[in-house]
Each structure stands twice: as C-alpha cells, then as structure tokens.
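Student: Construct all of the structure, not just a fragment, from the sequences and the given hints.
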Amino acid sequence: MAGASMKDIKLRIKSVESTMQITKAMELVASSKLRRAKERQERSRPYFEGLKKTLVDIESATTDFSSPYQKKREVRKQCLIVIAGDRGLAGGYNSNVFKAVTGLLRQDTPVCVIPVGKRAVDFFTRKGIEILTTEFAEAASISIADCFTISNLITKGYLAGQFDEVSIVFTRFVSMLTQTPACEKLLPLEAQKTESEDDTVRPLVLYEPSPEVVYDAIVPNYISGMIYGAMCESVASELGARRTAMDAASKNAAEMIDDLSLRYNRARQGAITQEITEIVAGAEH
Amino acid sequence: MSTFHLRISTPDGLEFEGEVERVRVRMIDGDVCLMANHEDYVSAVGAGEASVVTADGKVRNAACIGGMLAMIHNEANLIATTFEWADEIDIERAQRAKQVAEARIAAAKSDKQELMLAQAKLQRALVRINVKH
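Residue numbers (our numbering), protein chains in the order written: chain Y, 1 to 285; chain X, 1 to 133.
To be clear, the hints were calculated from the coordinates, so they are not data collected in a lab. Built from N, CA and C at the ideal position, the CB exists for glycine as well. Incorrect hints may appear among the rest.
Just the calculated beta-carbon pair ranges, DEER-fashion [unchecked claim]: (1) X:A107 / Y:A145: 40 to 48 angstroms; (2) Y:S31 / X:N37: 45 to 53 angstroms; (3) X:M116 / Y:S141: 16 to 24 angstroms; (4) X:D56 / Y:K185: 43 to 51 angstroms; (5) X:A107 / Y:K156: 18 to 26 angstroms.
Tutor: Below you can see the structure in the form of structure tokens.
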C-alpha cells in the first residue's frame, strides 16, 4: 500500500515539475516580448506627437474654428473599441477589461463594439452585443496599418452619423506589477486650446488649402495614433500580467514540489520501517 | 544652392533626417515642392510619389501616403503614415496586394464598407507600383 502511494507521489512530482517548466518558459517569453512592445511604442511617438502639435496649432491659430470632429452631438449611439487578449493565463487581465466594459454598458444608450483580441470577440458574441467587425480577432498581430483601418472605420462612421461617441477601453501599463483598465474618449475630440497661451506671438502659417481641411485630414491619422498607443499599452499590460501570473505559478509549483518531496520521503521511510518490522517479527518466531 | 533641414518620421520611426535642396510631395490637392526659405506652411499629404533632392544633388524617390508636411522657420517636417524609399519597395508584395484588392472590390458589390477598405488598399498598392517603375 505504501509502495502504491509512493509511486503516486512520484508521478505527481513529475507532473508538477513539467508544469513548472512551462510556466517558467512562459514567464521568460513574456518578459522578452514586453521589452519589444515598449520599444515599438517609443518609436512611433515622434510621429503622433508631431500630429498632435499641429492640431493644437491649427486650433489656436484660427479664430472661430470648427470641425465636424469636435462638434458635440446628442449621444444616441455609442461605439466602443475594446482591446483584450487572445489567450488566458494572464491573471486578471481579460476579466478586468470586461468588468470595466460591463460598468460602461449599464447606461441606456445602445452600443456597438469593435473587439480586438479573441477573448473580446468571444465575450461580446456571448453577450449578444452588436459587433461592427471581427477582423481584428488577433490582438498580438495588430499592426499600425490595422490601427489606420480601425481609425478610418470609426471616423467615417462618425461623420456618417452611425454613432455619436467613440471610446476605447484598454489596459494602462502603470508598472511591471500594476495594470489598470482605462476608458478614453476618442470622438468627439476635446478642444485642446489653452487660454493662457493666447498672449504669445504665433508665426503666421499658411495652411493649404485651408486650416479646416488640413485639420480634418489629419484627425484620422491622429486617432489611429491614439488607438495604436492604447494597443501597445494593452499588449504590454497583457505580457506584464502574464509574467506576474506565471511567476506566481512557478513559485507555487516549487512550493508544491517541496511539500510532495517531504511526503514522498516520509512514505519511503514508513515503508522501510514497516519492512524491517516485518522481517524482525518473522525472525523472532 | 541653399539647403534646409528635413525630417521624415513615420509610425515605425525616423525615416530620414538631413540637409536637402528640395522636397516634392503629393498633397491632398496636388503636388507641392518646397525649397529653402519657403514661408511657414502646413498641409495634409495625399497619396503618391515623393521625391527628395539631398544636399549633394542626389534624387531619391519614395512612396508617400497620408500624414502632413510642415515647414516652420525653414525646417521641414514630413510626418507620413507610409513612407517607403523606391529601393525598399517590395514590388511582388505590392502586385499581390493589388490582385487581392481587385478581387475584393469585385466581390464586395453592395457592401460599402468592404468596398471602401478594398479601394484604399488598391490605391496604396498602385502608388507603390508606380513609384517603383
């Protein structure tokens, strides 16, 4: 009997060991991917900051400026872009995003969504919420070009009146250990003008064909920049969450192995003692 | 000839930085060529060929799509969504993209959104092919 349980414990140790190998490997993969994700975001920064600066310049240089992207309308329909992961095993990463979304959904206005990531697609299909497109079901392979496609989709839809407000739900990368879900409004654009700057002398800039046309042409690019930034942060958060989760899993596995080895040794000792007792008992008779 | 500083940035990083004689870009309302000491100027980039003449007189062509071009205080900033030098364009990929886009347009028919996306893809592929030739 003792032998059977010894074998059981040995098998269990082996299986925990192989699980630990996997979680360790996943942790390492997540850390190296995380570094790359951060670098990617850094590289795109000058591009989007340049665009943002121009938008602010146009707004403040033009009196009685107006753009269809800025005009606030009564919100009859909302559009949400929700970024989640493709896979689980990332701690509370996915469920935190969905919890944030559920909080937003309680309002009465009808909603349509553009889910990014397989988990997000599954979640909204299950909930029966209108999905605009499932083309972006793989969050890990989303490129800048995809962000431009999403941006074109929502800016065109917004101008056509398909929806009156567009927000993006993503996960902010606070630190290696903390990632919090966040919601940011993309459209209508907030006025960026700050009153205190009015005194400074601005260079007279020639906007061709007109400030409004330039502004409206740049907005989709700027929005795709915001989407890309959110995407990069979400991917980094997912990897960070996975790294932490896998680190905890590896630690748990190590603890379990220690515990099981102790039990294994006890069982072995028990078996030996029993055998000796039997032999001695046999010799006495 | 007098030169000015040009910087070309894309979402993938800095594509070019240096002194140039002139730069020509296809804007949303036609080609524009900037030379040194141009007045302060900002406009949005369309889709087409861009050409840069560097300080040593060399001409480099590129496919340039979307974004904006700004010239402030004799410093030019080309912020392009797509910017690929002619020698970096993968012509086979562009040809393939063109075929795929054409097939999608044929299949889209009444689906406006699909048609719009496919047309944009086709335009990008055509710009690349034109610049390469």
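Student: Could you work out which earlier hints the structure fails to respect and list their numbers in ascending sequence?
Tutor: 1
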